[in-house]
Structure formats: structure tokens, C-alpha cells
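K.L.:
Here the structure of chain S is known, so what remains is to put chain B in place on it, guided by the hints.
Number of protein chains: 2
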Amino acid sequence: MTEQSMVKQERAARTRESLIRSAAEIFDREGFAVASLTVISSLAGVSNGALHFHFSSKAALADAVQEEALTRLLAVTDAVPPLGTSRVQLLVDVTHGLAAALRTDAVLRAGFELCGEASRASQFDLRERWQRWVEETLKQADAEGELRPEVAAQDVVTAVVAATVGFEVLGARDAVWLSASTVTRFWRLLLPLLVRASLVAELEAEGTRVP
Amino acid sequence: MTEQSMVKQERAARTRESLIRSAAEIFDREGFAVASLTVISSLAGVSNGALHFHFSSKAALADAVQEEALTRLLAVTDAVPPLGTSRVQLLVDVTHGLAAALRTDAVLRAGFELCGEASRASQFDLRERWQRWVEETLKQADAEGELRPEVAAQDVVTAVVAATVGFEVLGARDAVWLSASTVTRFWRLLLPLLVRASLVAELEAEGTRVP
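Here the protein sequences come in this chain order: S and B.
When we follow the numbering used here, the leftmost residue of the first sequence carries the number 3, and every step to the right adds one.
When we follow the numbering used here, the leftmost residue of the second sequence carries the number 3, and every step to the right adds one.
These aren't lab readings, by the way, just hints derived from the structure by calculation.
The hints are all genuine.
Pulled a few chain S residues facing chain B out of the computed Cβ check, cut under 8 Å: (1) Asp157; (2) Thr160; (3) Ala164; (4) Leu172; (5) Phe188.
Idealized CB from N, CA, C, for every residue including glycine.
Just chain S, with the same shape it has in the complex (with noise of 0.2 Å):
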């Protein structure tokens, strides 16, 4: 490849990420359905004809905001935890990440909500996503020994996935529900009823990663 031809790929490649983030922001601030091709190509200082270049139509560029947003999820949710972290303290952990995320990341705020678009099917489910990465987890930690007995593996599954899924639609109309503390209080509540007594005292409901 001539330098010209790697200049003019990574030219190409910055326009197609910056008018990810830019569709983000609006399909964010305004909802898809609303969106305006023409708001995203100004926002991301190029024009009507480069956006049509990268993408074909407004939906295949949802689509690649989902697919972007799902490797931002991803990011949050397989960061290797420091070793011996128990798996509740892990899923702890995670949902913290993923507060803390939607809170700073238009594009995995964006990712998310473009799954409840009654307009468009999701190609990339990113809440069905984190639903199976929590199904994964809790019972990793119910084959761990970390759950009490008499709590079931797949109830807990439900109100966490429901839970967070409730917190990033109302933290979309107001942060305090993506807050730290609004997961802090969430799982203070909730730990003392999933796992052992001796695991309790271990546990960090603020979570244990560096932020």
C-alpha cells in the first residue's frame, strides 16, 4: 500500500468513527426515529455525501452504533477481575462499570436504547446481551457455593436484569438512577440476601475496582 492510500484509510476510518459518535449523541438527545442525517453529518463535520459513503441509510447506522456500544459493554463486562474476586463481587463490580459508563458513553447509552426502538429490529441486543452475561455469572457463583441454598439462581437473574435495565432507562431523564450511590444502596440491600453469611462481610456493595 502507497503511504497516499494509508493516509486516505485512516482518513476514512476517523470520519466513520466520528459520525458513530456523532449519530450517538443525537439518536441520544433526540431519539432515533427523529434523528436527522442530516444534524449527524454537520455535528460530525463532514458532509450529507461522506455520511452516505460510510453508511447507507439511518438504520445501518444504528447498526453500527449498536456494534460499537456492544464493544463498549463487552469492555465492562470481560475486564479480567483481580484474582480471587469472588463472582457476586465480580457481577458487583461490572454493574457499577456499566452505571458508570451509560453515565460518561453516549454511544453505549445510545447502544441501549436503540433496543427498545419500536420502529427498528435490533440487530445487536445489547440488553439481551448483559441479561445472558448475568445469567452466565450468578451461576458460576451458584456453582461456586457463593448463593445461599434457598435462593434460586435464575430469581436473582430477573430482579438484577430488571433492575438495571430500570436504571438506565429512568437514569436517561435523570443521572441520580446511574449514580454510584443508587448501586451502592441496590446492592447493599440486596447482597445479605444472595449469599452466605460468612461471604457478607467480604463483599463491597461500592464496588472494588479502581474507577
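P.N.:
Frame of chain S, contents of chain B only:
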């Protein structure tokens, strides 16, 4: 009033109701932003002109849907419980009632969904009204000594409101989130945590209201 003008007035009221029902169905299915007034009036079996006689804009129609949805929410929350029902049991029963109503009632569903619509400000915020009712009820439960002393009523409010909004949002895509069994499993998990041991045995997670 003449008999003729009474007939006219009744017909107008029926048309208005029918437009609200049709709008709710279309908002629920396609989303507020893309919903077409022509589709709504045709579903209601009236002309575009008749729609505009009753509602000056799509926003006015959305307000009317939310106002009607609020009436239906209040019918669920304000139903008088049998004498001697504990506040926590009332909360359980009403959550079941809300989920059942959301399963079957497109007006209530659309009213809640419109709260999350980025493209418009809600005049009637049903999620906020629901939150206030949960808050009030748990405050009473606390005052009656139903809650465990170590549980902070406000933490329960946070968890219950987030989870029920989660059920509502996830239920729009997959009705199982609004099923009686989902709500029952949620309460079966939470009740032992919330109330004094002596009360747990008396409470029914599946609700006590005749459906």
C-alpha cells in the same frame, strides 16, 4: 339540552375515546415519533378532519393518551384493599395488578412508553407517579413496623421502582417479563429481606387479589 345535541355529544365522546385507543395502539406498535395520524384516524374509523377536530397535533393526542393511562394507573394503585391487608402485601398485589394491566392494556403501555420518548417532554410522567406511589406505600409499611429495622425504606423504593420499570420496558419486547410468574419470583426473592420474619409467612408473593 335537546335530545339531538345530547346524541351529538355522546358521539363526539365516543370518537374521542376511540382515537385515544387507536393512537395508543399505534404509538405502542410503531413508536410515537414515526406514528402517522392518518393511520391512527383510519384505525379509529374516522376522517383526518375528525381527528383534527378533537386533537390539534400528535403531541396533543399523546398527552390525551397519557392522561387516560394515568387514570388507569390510578385505578390499579387506588383500588381499596381488603380490611387488614398489610402495606407490603398491598405493594405486592398492586405490582401484580400493574403487570397484568400492562400485558393487556395498550393505553397504559403507551402511556408509560411515552415517558421515555426523547423527542417530547411528558406532561404526565407515569413512571414518576408510580415511583411516588411506591414511596408512599413503603413509608407507610415502615411506619406500621412491617419492615425489618435494618432495611432502609428508600433503598427498597429504588430497587422496586427500577425493577418494575425494567419489567415494563423489557415486557414491550418479550411479554414473559410481565407475567405473573416473573412478578411472583421477584417478590419471593425480596420479601424475606424486607419484612420481619413473623410477617413473611403471612405474605403471598403471588398476590392476593382475584385477577
